[in-house]
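From first to last, the protein sequence lines are chains A, B, C and D.
This note's numbering puts the first residue of the first sequence at 1, with every later residue one more than the last.
This note's numbering puts the first residue of the second sequence at 1, with every later residue one more than the last.
This note's numbering puts the first residue of the third sequence at 1, with every later residue one more than the last.
This note's numbering puts the first residue of the fourth sequence at 1, with every later residue one more than the last.
One or more of the hints may lead you astray.
Going by beta-carbon spacing under 7 Å, a handful of chain C positions derived as facing chain D [claimed, not checked]: (1) S5; (2) G116; (3) G218; (4) F224; (5) F250; (6) G257; (7) I282; (8) K295; (9) E305.
Some residues of chain A that are not near chain D, with every Cβ distance over 10 Å (derived) [unchecked claim]: (10) Q42; (11) N46; (12) E64; (13) T88; (14) R125; (15) P165; (16) I174.
The calculated label-pair distances, taken between Cβ atoms and stated as ranges, are [said to hold, decoys possible]: (17) T269/D with E175/B: 52 to 60 Å; (18) K54/D with Q213/C: 39 to 47 Å; (19) E305/B with N214/A: 25 to 33 Å; (20) Q66/B with K99/C: 24 to 32 Å; (21) F171/C with E305/B: 35 to 43 Å.
The set of hints was computed from the structure by calculation and includes no laboratory data.
Here a beta-carbon is modelled for each residue, glycine too, at the ideal position from N, C-alpha and C.
Protein chains: 4
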Amino acid sequence: MSSNSIGKLLTLTTFGESHGEAIGGIIDGCPAGLEINFDAIQQELNRRKPGQSKIVTQRNEADEVQFLSGIFEGKTTGASIGFQIKNTHQRSSDYNHLKNSFRPSHADYTYQQKYGHRDYQGGGRSSARETANWIVAGAIAKQLIPSIKINAFTSSVGKIYINKPFQSLDFQKIESNIVRCPDQEKASEMIAEIESIKKQGDTIGGTITCVIQNVPIGLGEPIFNKLQAQLAHAMLSLNAVKGFEYGSGFCGTEMKGSEHNDLFNVDGTTKTNLSGGIQGGISNGMDLYFRVAFKPVATIMKTQESINSLGEVINLEGKGRHDPCVVPRAVPIVEALAALVLADFYLLNKITRV
Amino acid sequence: MSSNSIGKLLTLTTFGESHGEAIGGIIDGCPAGLEINFDAIQQELNRRKPGQSKIVTQRNEADEVQFLSGIFEGKTTGASIGFQIKNTHQRSSDYNHLKNSFRPSHADYTYQQKYGHRDYQGGGRSSARETANWIVAGAIAKQLIPSIKINAFTSSVGKIYINKPFQSLDFQKIESNIVRCPDQEKASEMIAEIESIKKQGDTIGGTITCVIQNVPIGLGEPIFNKLQAQLAHAMLSLNAVKGFEYGSGFCGTEMKGSEHNDLFNVDGTTKTNLSGGIQGGISNGMDLYFRVAFKPVATIMKTQESINSLGEVINLEGKGRHDPCVVPRAVPIVEALAALVLADFYLLNKITRV
Amino acid sequence: MSSNSIGKLLTLTTFGESHGEAIGGIIDGCPAGLEINFDAIQQELNRRKPGQSKIVTQRNEADEVQFLSGIFEGKTTGASIGFQIKNTHQRSSDYNHLKNSFRPSHADYTYQQKYGHRDYQGGGRSSARETANWIVAGAIAKQLIPSIKINAFTSSVGKIYINKPFQSLDFQKIESNIVRCPDQEKASEMIAEIESIKKQGDTIGGTITCVIQNVPIGLGEPIFNKLQAQLAHAMLSLNAVKGFEYGSGFCGTEMKGSEHNDLFNVDGTTKTNLSGGIQGGISNGMDLYFRVAFKPVATIMKTQESINSLGEVINLEGKGRHDPCVVPRAVPIVEALAALVLADFYLLNKITRV
Amino acid sequence: MSSNSIGKLLTLTTFGESHGEAIGGIIDGCPAGLEINFDAIQQELNRRKPGQSKIVTQRNEADEVQFLSGIFEGKTTGASIGFQIKNTHQRSSDYNHLKNSFRPSHADYTYQQKYGHRDYQGGGRSSARETANWIVAGAIAKQLIPSIKINAFTSSVGKIYINKPFQSLDFQKIESNIVRCPDQEKASEMIAEIESIKKQGDTIGGTITCVIQNVPIGLGEPIFNKLQAQLAHAMLSLNAVKGFEYGSGFCGTEMKGSEHNDLFNVDGTTKTNLSGGIQGGISNGMDLYFRVAFKPVATIMKTQESINSLGEVINLEGKGRHDPCVVPRAVPIVEALAALVLADFYLLNKITRV
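Just need the whole structure built from these sequences, with the hints factored in.
Shown next, in the form of structure tokens:
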């Protein structure tokens, strides 16, 4: 029932504000005997880390994870895995002006109204710093399902879209550029766009596409624990996400059944894959793909009119170090969440039949 | 952990196949003392019922709900509410040809592969008949939060879209036409489109927009139980749904932060509402709105190539009585799911503060 | 979160009052492909049934279970299993005198105070009729773990105790007498005692011992899902139960560590078994045994002073058909609950290791 | 589903081994706005702390809790509360001899068999050090329900029992002696007994009685979330506990209904309280009391025959610093668990009625 937990069998419960001493979490339900590759976990954290390139926030955080339990002699013991990431470079003074102010399209106002009391520094619990916890758990989840290949990438920034089907992209190239777009030409355009937006003191949205290959047939637990429902749940938990679609998505709504149906090959694969690898809530072994919509970051380096806790009109100046576009750093987060969901269903599927 | 349950405090657990004796469910966590309006529940069931108009399936099912417990002298007692809906007019012979066949883009294949054994009649557990259960629970949820107004409507059929903002629509007109579109002109076009598609023996997709008004500030439980995440989870649980977006959704990804931010009025309301009534996972009191994408129904009245359980190529003829477009009947289902989610958060929010 | 659910992976959610139309439940998480022995289920229901002997309540209820879903062609499909048991012989008039009265040591008063509104007929939701639902689910659970042998029996009635260790008892004899005590001599004494108590219009308590043999090593999930904790939880859910102990139990508190420790044999079995088959919350393969305390039934055939809802003193006459001693009929219920718990842990243990 | 979590609305999820860097946990669902008394938390930790007297283990651990999140300016924010307790004085060398050995009546063998891999230092996850986490959460729970008075005390050590009803005891005296027994005379006997046992290198069991006063009427959520069931679940989660009884408990099984029934006073209180403050799973406002059985600690300072992981017979010498009797230090733990359970039901009860 914890609202800070995700997962049924493989669960992650998290804590932490961006300006507390540490953030962290507890991974429960990870089977015993899993050899942990710590470098791979840190590598995923580095992909999310602030300050990694000129198009992301220039905050400088080490983001080193420290495991406190559940791993012994390099392998999981079946016990809960506690971990923490120290908050090292927070500059609380950046946020003093927010003590009594509500930033537009942030969580300041709703947290204040709901809880009557909030940690105003760096967004408190609503900060995207929380997602570093997800990276840790997702990196372990990936190690639990090594044969499943999860690749997310930036598929649009503002109005610049990759116009190719994912099948024609080379996922090896995702990490070859700082915007994490496997189409090099579009990547250059996207980077230029983000730089231009940044110069304006503004921000821009975008989308991430995630493709999951080599998914075993049978993952997903209807009726209320369908594979796509959990993926949507996970993705909509991510700060700034406004939408989720899988397979044919919103475009599919314009199609006829005779066009949309995925006809079978004799081996059970399908000739087309508008279903996106899921039928009836259960993976069918085809590539699973979905797309996630990110709004532009709400913190802009421009003065905006707003209100304070007294209901007075104020001018809010843009301060702090923020991302002009959240999408490049969100790519590993989408992968981490997808890995958590898939690993959970992988475990659940072990008990499907007598 | 039950995969046939939805909700945290107000939970619905369901059972039933379309060709068994009955479907039904158990509603748990409904507070005691709620006076039940049984007519209102039946009315919602009637909105979903097959055979209600010329553009939906012509199956004829009574869909009368029978309450078995938890209500005494017209009021809830706090005990679990058991209910069932008898399956009256199933024609199992319609499905004999499916015993060993897999319909394209249905759940036949994935159920068979996952469970090794399936009820092939009418889709078994994967049948949308299940959604009648959701209507029952959703109708009770609506009665639990009477001040919150939930209106869903058909916002597109195929390529025919309402091109107006929801604020300019008259929700009173939703039920005035059989496609459940409040824009009368577009409604006529949509109905004509569905009739044409039906004549072709084909099916067509569409979208439903849902607007929830008068939402109290403070509903939603970050981090992993955000309001939008649960709404997405619920909607993606619905058969044929391929996508979910709220507020500015996918369109918002093309915007700049300076355009997208919802500036405050002094009373805490916002001048614009691209946030869609949710900030940081918590309702902010503005209209909550989202859009759901439905693919075209997979069962078409045309012969399709498919395979059987022996991996042989077969010709599958379209039989049975199916919807040419699922959207008109899905409107009350979207509302029911939204009501379940909102009512759950309404209860959760009662314990937010000491 | 549902308070009418038990189990993590194999869950039972129930509904029903003794004087409604039916009671029933939904079993979720039962693996697909389990061949169901319906006779065995009915047989367990018959063991619990009222009217089965002279020492139990003379109510006459058919207690026939009807399965509504989740089983197809005799085997589970992996879908949720809905079932109901019709209430056939209720005599509501038996309870009219209770509309505004609170029976001593019943749930009447607490239900009224908590919910503000209660079904006063036959105890409503607090009726032990609910346990028929548990029998159904437990009987299926038993079929899921056929190699595990669960035997409960009456180990005391009032002050009459079996004075032998369970290892010297012949469990085959449990069903050979109406009190379900494998010690024939003590059984006769217990039956006589119950008959005598019944003649007095009074009731008497007792204990049930449950022995579970052939338990695989490894069942139980520390820290908060230990095997003994779930067994205790299940047993304390049973009406009239006041205590639970396993292994050496309360007696063990008087012992020294040097006496109490179970020394190992070289094969990992232990020379003694004061641990009761569980160490650190996990089964160790030895016989698991525990004891459950039942208070005397609160409904007596004597006039008692009580109060009504106006706070007035009333005389409450003993009416209706009730058990002079709940223990004989509780034996199969204890087994059913134990089976549910064990089957759940059996499933959970499938995902313990990579 | 996490097996390292307890609670429905107020949940505690924990991690940690006694010889890792830290233990800790996450408290989720604590309402916002609770002013935290940090001293009171530390005081409870001190009551549990090793080395506090001559009759407990002489290990020396600081047991200082560090809160990492969820509390801002001294008050809870509604966010999850992360905390940790550093392990400062572990002496891992104490446990080298256990790497391949199984201590009798410990969890070594079952953990090894279940997980195939275990942290053998200090019992790893099965160590009672975990209970320090519970103290922290329980101390916060106590602050959430300040009007409810929870008093646990040692009611027996070995064969030395308090022979008075709890109503005649002065709970103020519990902390006046090191064995935590409010009967001073018996306390002296118990202390002498433990000292004698300790000199023998042996250990002894005992019981703790817990009395909860001023419980509001209405706590508890039938059918499977009854107040006594959750209390039993919590208590049986505690290391060394073998039994739980409440109200009349096992003694009540020998009574007749006419003796056992608690007759009402006109104000709804009862003349007797054999029910132990709970009827039908719901508190009735009378004193809630229960008793918990603790076996003697398994680690004794004597040489015992045992086996190693190769199945060879070995001699195991008693090493390390252990409690001769676990009961005095378990008193605050029983209170902490009781507080967690009560606080959870207190929150759940807020949504019982419309």
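Taking the beta carbons of K54/D and Q213/C, is their distance inside 39 to 47 Å? At 44 Å between Cβs, range holds.
Hint says 35 to 43 Å; check whether the CB-CB distance for F171/C and E305/B agrees. Between F171/C and E305/B, where Cβ atoms are some 60 Å apart, the hint is violated.
Grab the minimum C-beta distance from G116/C to chain D and call the hint holds if it beats 7 Å, violated otherwise. holds, 6 Å
May I ask you to check that R125/A keeps its beta-carbon over 10 Å from the closest beta-carbon of chain D? The assertion about R125/A is violated, with a minimum of 4 Å to chain D.
Chain D contact restraint on K295/C - CB to CB distance below 7 Å: holds, 5 Å
Does P165/A sit more than 10 Å from chain D, CB to CB? Holds: least Cβ distance 38 Å, greater than 10 Å.
Under 7 Å is the threshold here; is the Cβ of F250/C close enough to any Cβ of chain D for the hint to stand? holds, 5 Å
Quick one: are Q66/B and K99/C within 24 to 32 Å, going by C-beta? Holds: the Cβ-Cβ distance is about 25 Å, inside 24 to 32 Å.
Check the non-interface label on I174/A: least C-beta distance to chain D beyond 10 Å or not. The assertion about I174/A holds, with a minimum of 33 Å to chain D.
At 10 Å, judged by beta carbons, does N46/A keep clear of chain D as stated? holds, 23 Å
Holds or violated: S5/C as interface residue toward chain D, Cβ cutoff 7 Å? Hint on S5/C: holds, closest Cβ of chain D at ~6 Å, below 7 Å.
Hint status (Cβ of G218/C to nearest Cβ of chain D, threshold 7 Å): Since chain D brings a Cβ to about 4 Å from G218/C, closer than 7 Å, the hint holds.
When the structure is compared with the earlier hints, violations turn up for hints 14 and 21 and for no others.
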